[in-house]
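Please model the complete structure; the sequences and the hints are all you need to start from.
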Amino acid sequence: METIKQLSVFLENKGGRINDVAKALGEHGINMHAFSMAETTDFGILRLIVSDVEQAVGVLRAENFAVVLTDVVCISCPNVAGALSAILERLAEHQVFIEYMYAFAQGEKAHIVIRPSNLEECLKWLEEDDCDILADRQL
Amino acid sequence: MNNEIWNRNKECMSRDELRDLQGKRLHKLVDLVYHNTPFYRHKMQELDLLPADIRTIDDIVKLPFTTKADLRDNYPVGLLATPMSEIVRIHASSGTTGSPTIVGYTSRDLEIWKEIIARALTAYGVTRGDIVSVGYGYGLFTGGLGAHYGVEHLGATVLPTSTGNTEKHIRLLRDLGVTGLACTPSYALYLAEALHKQGLSADDLKLRIGAFGAEPWTENMRHEIEERLGIQAYNIYGLSEIMGPGVAYECGCKDGSHIAEDHFYPEIINPETGEVLPVGQEGELVLTTLTKTGMPLLRYRTKDLTTLMPGTCACGRTSIRFTRILGRSDDMLIVRGINVFPSQVESVILEMPEFAPRYMLVVDRKNNLDTLEVQVELRPDSFSDDMGGMLDLRRKLGERLKSVLSISAEVKLVEPNSLPRSEGKSTRVIDKRVLA
Numbered sequence: 000m001e002t003i004k005q006l007s008v009f010l011e012n013k014g015g016r017i018n019d020v021a022k023a024l025g026e027h028g029i030n031m032h033a034f035s036m037a038e039t040t041d042f043g044i045l046r047l048i049v050s051d052v053e054q055a056v057g058v059l060r061a062e063n064f065a066v067v068l069t070d071v072v073c074i075s076c077p078n079v080a081g082a083l084s085a086i087l088e089r090l091a092e093h094q095v096f097i098e099y100m101y102a103f104a105q106g107e108k109a110h111i112v113i114r115p116s117n118l119e120e121c122l123k124w125l126e127e128d129d130c131d132i133l134a135d136r137q138l
Numbered sequence: 000m001n002n003e004i005w006n007r008n009k010e011c012m013s014r015d016e017l018r019d020l021q022g023k024r025l026h027k028l029v030d031l032v033y034h035n036t037p038f039y040r041h042k043m044q045e046l047d048l049l050p051a052d053i054r055t056i057d058d059i060v061k062l063p064f065t066t067k068a069d070l071r072d073n074y075p076v077g078l079l080a081t082p083m084s085e086i087v088r089i090h091a092s093s094g095t096t097g098s099p100t101i102v103g104y105t106s107r108d109l110e111i112w113k114e115i116i117a118r119a120l121t122a123y124g125v126t127r128g129d130i131v132s133v134g135y136g137y138g139l140f141t142g143g144l145g146a147h148y149g150v151e152h153l154g155a156t157v158l159p160t161s162t163g164n165t166e167k168h169i170r171l172l173r174d175l176g177v178t179g180l181a182c183t184p185s186y187a188l189y190l191a192e193a194l195h196k197q198g199l200s201a202d203d204l205k206l207r208i209g210a211f212g213a214e215p216w217t218e219n220m221r222h223e224i225e226e227r228l229g230i231q232a233y234n235i236y237g238l239s240e241i242m243g244p245g246v247a248y249e250c251g252c253k254d255g256s257h258i259a260e261d262h263f264y265p266e267i268i269n270p271e272t273g274e275v276l277p278v279g280q281e282g283e284l285v286l287t288t289l290t291k292t293g294m295p296l297l298r299y300r301t302k303d304l305t306t307l308m309p310g311t312c313a314c315g316r317t318s319i320r321f322t323r324i325l326g327r328s329d330d331m332l333i334v335r336g337i338n339v340f341p342s343q344v345e346s347v348i349l350e351m352p353e354f355a356p357r358y359m360l361v362v363d364r365k366n367n368l369d370t371l372e373v374q375v376e377l378r379p380d381s382f383s384d385d386m387g388g389m390l391d392l393r394r395k396l397g398e399r400l401k402s403v404l405s406i407s408a409e410v411k412l413v414e415p416n417s418l419p420r421s422e423g424k425s426t427r428v429i430d431k432r433v434l435a
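Residue numbers (numbering that gives the first Met the number 0), protein chains in the order written: chain A, 0 to 138; chain B, 0 to 435.
Honestly, the hints are just simulated from the structure, not real lab data.
Predicted, not measured: the structure shown is a model, and the values here were computed from it.
Check the hints yourself; a few may be wrong.
Chain B is nowhere near these chain A residues, computed Cβ spacing over 10 Å in every case [stated by the list, open to error]: (1) Gly28; (2) Cys76; (3) Gly106.
Label-pair restraints from in silico Cβ distances [said to hold, decoys possible]: (4) B:Ile89 / A:Asn12: 43 to 49 Å; (5) B:Met351 / A:Ala102: 33 to 39 Å; (6) B:Asp391 / A:Asn18: 26 to 32 Å; (7) A:Ala102 / B:Asn219: 53 to 59 Å; (8) B:Asp391 / A:Gly57: 28 to 34 Å.
Even glycine gets a Cβ: it sits at the ideal position worked out from N, Cα and C.
See below:
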């Protein structure tokens, strides 16, 4: 099963806090491939895909951040209209729900990070459809 | 100015007569508690005191103090001086540990309570022709029921609106032509704000008199309330341990609150040393219930800081007054009229393993209503990627705080190790309300 470890960080809503994370990672040569922010009025959850997740956990914990690892699925699909819809339709058909997702597209490819309600099912149906599922080493 | 006095015999007694009466009542009181309250008997025995040693009011200094801690230690009914069969009502207030303190009233106590509230309302100018809306909370809190029966006793009409439903409150004020309002001063301002939002003003109401208490307020607030609601606003003082509202009240002069001295004997002490201070010096107010029979208290330390004002008031009352209370001698906060102690918040947080035992209380006043924010540190291992779970955690803490504090607090989750580390309770409270 090709899942990716996503790093989640608890952040208070206060100025400069995201940069504190970016800076700490940068100083240790850890690259961020993708991230998203889920926020409420007083706190947020920063979700990151990084180049070295184990090291990132150590670095952030040393700085007193609350961090947790979560398995997510990362796929690559053509950057054309309707490509994402075809994937999501397949998942919905099989009762795999999306808890959250984030994506970015560049050139011919789009990358999508999905936290599904059921990892195993999600991977099964995506593989059946020959979806391009990315592994850590491919990022 | 209104010159009506409800009980001229008592409120305008000569000082000599009053002291004589106080001495007689104190003697009876000491006799009562010595024989009926083991707590006081033991305390007096420790001091080698007998009821016969207390003859005049000047002997009061020989007696022991009573504190809030004594009430908690004797929870629930250890301080009653009468069998439970004689108690006709119980009120309860929040305590520092989250466990309430209980006060029991005999029917005679309730008669006295009604009487002193009628005195207060009369001093404000309320008459039988008035309709008074009581916007204090009805229930275990003494404000609602206390004021309620006082209004009825006076013969005015009482509208028991209690707290909550401001829209309905405003509607009833208008439709009934309500002339009197009894509530916390912050609620009065909130009401004024709500009125304004509905496009209404004081001209749409017939309110003329307000009785405000249960939380500290200032002259500035008085002016604002008076202007916005078109009323005369008066202070009413009380505390559940002693009786409830009505222990002291302002008159038309608005120059200090008169203590119902034939029922409550005041002293001012140095809160650090317990030494009795001469009249005119600021210190902690100590009250003795001279006539209560359900749960009488000797020299109860109120924690309220004030100064006694000697001399006959221009209104004709001879009863002693005290100045506006703005400070407290401990760390208790009064938020929306409810006592809040940092230790109550602490006890809730300690029960929830998801949080570190570190917190900060931020009290503020927004739209004229007190707000309480509780900042609490999340433990690193309680963090999860699930936003729903995090919000549930926040809601759970909020609900538990509400059940312990009796008021709702806004919970703010903060990062591990982000709150200041210093010891001492003062650093755990930020009070942004400006009371000046």
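The hints, checked one at a time:
1. Distance to chain B confirms Gly28 of chain A as a non-interface residue, since its nearest Cβ pair spans about 24 Å, more than 10 Å.
2. The Cβ of Cys76 of chain A sits about 24 Å from the closest Cβ of chain B, beyond the 10 Å cut-off, so the non-interface label holds.
3. Under the 10 Å C-beta cut-off, the non-interface status given to Gly106 of chain A relative to chain B holds; the minimum distance is some 30 Å.
4. The hinted window of 43 to 49 Å between Ile89 of chain B and Asn12 of chain A holds, with their beta carbons roughly 45 Å apart.
5. At about 37 Å, the beta-carbon gap between Met351 of chain B and Ala102 of chain A stays in the expected band of 33 to 39 Å.
6. Against the hinted window of 26 to 32 Å, the Cβ-Cβ separation of Asp391 of chain B and Asn18 of chain A comes to about 29 Å, which satisfies the hint.
7. Range check, Ala102 of chain A to Asn219 of chain B: Cβ separation about 55 Å, and the 53 to 59 Å hint holds.
8. The beta-carbon spacing between Asp391 of chain B and Gly57 of chain A, approximately 29 Å, falls within the hinted interval of 28 to 34 Å.
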